[in-house]
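Let the sequences and hints guide you as you build the complete structure.
First to last, the protein sequences are chains V and A.
Sequential numbering of the first sequence, starting at 1, is according to our numbering.
Sequential numbering of the second sequence, starting at 1, is according to our numbering.
Hint data in this document are derived by calculation from the structure and do not stem from the laboratory.
Every value quoted in this text rests on a predicted model; they were computed, and no experiment measured them.
Each residue gets a CB set at the ideal place from its N, CA and C atoms; glycine is no exception.
A few of these clues could be false.
To list a few chain A residues with every Cβ distance to chain V over 10 Å, as calculated [stated by the list, open to error]:
id	residue
1	Asp45
2	Ser69
3	Ala98
4	Gly144
5	Arg229
6	Ala279
Cβ-Cβ distance ranges computed for the label pairs, FRET-style [unchecked claim]:
id	chain 1	residue 1	chain 2	residue 2	range
7	A	Glu268	V	Pro198	52 to 62 Å
8	V	Trp32	A	Leu141	29 to 39 Å
9	A	Gly125	V	Val419	30 to 40 Å
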Amino acid sequence: MHALTLPEAHHYDEMLLASGGIRPHYRDFAHWLHSQSPQTLARKRAEADLMFHRVGITFAVYGDDSGAERLIPFDSVPRIIPASDWQTLEAGMRQRVTALNAFLHDIYHEQHIVQAGIIPAEQVFSNSQYQPAMQGLDLPHRIYAHITGVDVIRHNDGNFYVLEDNLRVPSGVSYMLENRKMMMRLFPELFASHAVAPVQHYPTLLLNTLRHASLAENPTVVVLTPGHHNSAYFEHAFLAQQMGVELVEGQDLFVKHNRVYMRTTAGHKQVDVIYRRIDDAFLDPLAFRADSMLGVPGLLSVYRSGGVILANAIGTGVADDKSIYPYVPDMIRFYLSEEPLLQNVPTWMCRRPKELEHVLANLAELVVKEVHGAGGYGMLIGPAASSAEIEDFRQRILADPANYIAQPTLCLSSCPTFVEAGIAPRHIDLRPFVLSGREISMVAGGLTRVALKEGSLVVNSSQGGGTKDTWILED
Amino acid sequence: MMMLSRTAAQLYWMSRYMERAENLARLLDVTHSLSLLPQSRGGADIAAALATTGALDACRARHPALAASDVLHFMTFDAANPASIISCLKYARENAHAVRGKITGEMWESINASWLEARQMASEGRPLAGFFDWVKERSHLFRGTTYGTIQRNDAFSFIRLGTFLERADNTARLIDVKSHLIGHELDDSAADFYLWGALLRSLGAFEAYHELYRDTLSARRVAELLILRPDVPRSLRACVDEIAELLPRIQGDTGHRAKRLAATLHAELSYDQIDNILAGGLHSYLAQFLSQIHALGDAVHGAYLEAA
Numbered sequence: 001m002h003a004l005t006l007p008e009a010h011h012y013d014e015m016l017l018a019s020g021g022i023r024p025h026y027r028d029f030a031h032w033l034h035s036q037s038p039q040t041l042a043r044k045r046a047e048a049d050l051m052f053h054r055v056g057i058t059f060a061v062y063g064d065d066s067g068a069e070r071l072i073p074f075d076s077v078p079r080i081i082p083a084s085d086w087q088t089l090e091a092g093m094r095q096r097v098t099a100l101n102a103f104l105h106d107i108y109h110e111q112h113i114v115q116a117g118i119i120p121a122e123q124v125f126s127n128s129q130y131q132p133a134m135q136g137l138d139l140p141h142r143i144y145a146h147i148t149g150v151d152v153i154r155h156n157d158g159n160f161y162v163l164e165d166n167l168r169v170p171s172g173v174s175y176m177l178e179n180r181k182m183m184m185r186l187f188p189e190l191f192a193s194h195a196v197a198p199v200q201h202y203p204t205l206l207l208n209t210l211r212h213a214s215l216a217e218n219p220t221v222v223v224l225t226p227g228h229h230n231s232a233y234f235e236h237a238f239l240a241q242q243m244g245v246e247l248v249e250g251q252d253l254f255v256k257h258n259r260v261y262m263r264t265t266a267g268h269k270q271v272d273v274i275y276r277r278i279d280d281a282f283l284d285p286l287a288f289r290a291d292s293m294l295g296v297p298g299l300l301s302v303y304r305s306g307g308v309i310l311a312n313a314i315g316t317g318v319a320d321d322k323s324i325y326p327y328v329p330d331m332i333r334f335y336l337s338e339e340p341l342l343q344n345v346p347t348w349m350c351r352r353p354k355e356l357e358h359v360l361a362n363l364a365e366l367v368v369k370e371v372h373g374a375g376g377y378g379m380l381i382g383p384a385a386s387s388a389e390i391e392d393f394r395q396r397i398l399a400d401p402a403n404y405i406a407q408p409t410l411c412l413s414s415c416p417t418f419v420e421a422g423i424a425p426r427h428i429d430l431r432p433f434v435l436s437g438r439e440i441s442m443v444a445g446g447l448t449r450v451a452l453k454e455g456s457l458v459v460n461s462s463q464g465g466g467t468k469d470t471w472i473l474e475d
Numbered sequence: 001m002m003m004l005s006r007t008a009a010q011l012y013w014m015s016r017y018m019e020r021a022e023n024l025a026r027l028l029d030v031t032h033s034l035s036l037l038p039q040s041r042g043g044a045d046i047a048a049a050l051a052t053t054g055a056l057d058a059c060r061a062r063h064p065a066l067a068a069s070d071v072l073h074f075m076t077f078d079a080a081n082p083a084s085i086i087s088c089l090k091y092a093r094e095n096a097h098a099v100r101g102k103i104t105g106e107m108w109e110s111i112n113a114s115w116l117e118a119r120q121m122a123s124e125g126r127p128l129a130g131f132f133d134w135v136k137e138r139s140h141l142f143r144g145t146t147y148g149t150i151q152r153n154d155a156f157s158f159i160r161l162g163t164f165l166e167r168a169d170n171t172a173r174l175i176d177v178k179s180h181l182i183g184h185e186l187d188d189s190a191a192d193f194y195l196w197g198a199l200l201r202s203l204g205a206f207e208a209y210h211e212l213y214r215d216t217l218s219a220r221r222v223a224e225l226l227i228l229r230p231d232v233p234r235s236l237r238a239c240v241d242e243i244a245e246l247l248p249r250i251q252g253d254t255g256h257r258a259k260r261l262a263a264t265l266h267a268e269l270s271y272d273q274i275d276n277i278l279a280g281g282l283h284s285y286l287a288q289f290l291s292q293i294h295a296l297g298d299a300v301h302g303a304y305l306e307a308a
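As structure tokens, this is what we get:
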């Protein structure tokens, strides 16, 4: 049968106990797995690889000179989450995103949270992600982050923790949808025996959210992509097609009479909502980076006068910055008068001398991150680093303490995963997607990323991570 | 439903490059088998065929001796040659990639798989005869998938426009290469028989010729078939019929010049006669046709594909 490696005792595995026992919500799956021959499963995995390749679900890896498109490895053991866990997660994420939107409205208006002394002014206003151009601008329904990806992990205490919020241009939702499609194609029988919550209506929810973002009667929505060289281009095209809206590049749009238009075969057509998958800095060469060829000259001025809606809004990055992250629980208390339902990972801010001291004394046990870093680049994982790497990082921190935060090395939970020698536990995280429209809506699911290297805690696809289908079981 | 000008351009070029790959395969396949005949001049004959693609000079620069195998490799698997079959498949795939949201999943899969397999074949140095058939089959598959799956909307019209503008251009160039032979009645020499047969075969019109004329191969009839017959799918007339029908179907009140040029060309081909064409010289007729087709392509670009 399958060579099944058990998790270590101090790890939390989603399916297995170190004793070999199986958690209740995985029992039916384990039973099915046991009945499958390794040959059949290997054939199915080969089929999945071929299908993904043919469909062209690939992504470009930055810094890879060959410019090659790579397949994000797909693992066919699903990550299963029981209904009760999901209810906690869902309520926690709704609360969190509501508070984050309130925070963004506040700091671009009266700044109550700063006046109340909860977040230091310099943390907000000297943050490179703070956009002065947004100051005083009123957005419909006060929504800034229409689409949010919340990265969550389960620690070995069995609890979920929010690792970070993604309020700029979170990606990965297309993999959530394609992974489900693949699993249903490969193993339809599993869906007959499990009540898996559907995710395929995500594009409909997204389109409703984007339409609601505009006050126009019957708004025209487009998806703005940097183009097909972008690592997430597949997703941009996929979402545009699923929503039935145009996928545009900057060159397809132009500004006239304080409105945005697209060039079409039948003449010019006005655009009301832009679901932009381009960073703030590249949106408008007249306002931000002058060398950007990706944006639309004059876009900011139309945006500021209310002639077009951008989703997400400009300047949301200030709320998901790692230097602001430690304050999110306080935001929830301040704006909603509620206690946070989802916990933050304890975080030391190196800008505070006392916390810096603690960090420097414990580098070998901590994870240290750049406050503006993303994608798993520019971080130190103390327990996995050599002493030379630690010393090198110490110098970098000392040179610019405010640029770093540190967290305890969380033991991300693991999930059984196909590896060369059979099936073995690999660490995973979870990114559900939260849509803020007329109300907050989510599909029950998310993208599970898996670190395929044994023992690795880095799940980013740019660092050799893979993905899994995520099943939320219905009661 | 309107569509983005850039999208229309990418759909149009996607199908143009696919059609170009197919036409190149047809041309090279026939030329390759002719080059195996005893009286052939080998590489030089193949190179003469390249004159139609405009790649002759580049080929001579790379392979001055014009050895048959070098010329064939240059036109099939040489990725550095933008006019090679593998480059056409690459451009077709790049354009499809850029508009994959506008074509069906099956179309994308067919075009992407063609590119992946071609790249694989190139790296393995696969024998050519099988390769030409494979290219034709991939083009048939793409066309069939397109017909069988895509909505009949403007996207479909731009895809078809690309196909027929490219095909009209290719057929005209192919006839032109042989045109120095046309104008005198065919003699009975085996060489000429094979030349005409090759031209017809490369355009998939060999069977049509026999069914329509039930006679031996003659230059006049071959020219008539390939220029004026509306029922031969790669003839100039058939291509222009399609173009003239497609343009008015595209939504919006633009493209007047393109529509006018297409209608003019359509009227000329519909009411011309082969003796009239041959009297003025076939080569000059074809040169005139090519410049009209290019003007039409420019007008399509200006009106729809790069709307300011």
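- List, from low to high, the hint numbers that the structure doesn't satisfy. Hint 3 is the one this structure does not satisfy, whereas the remaining hints hold.
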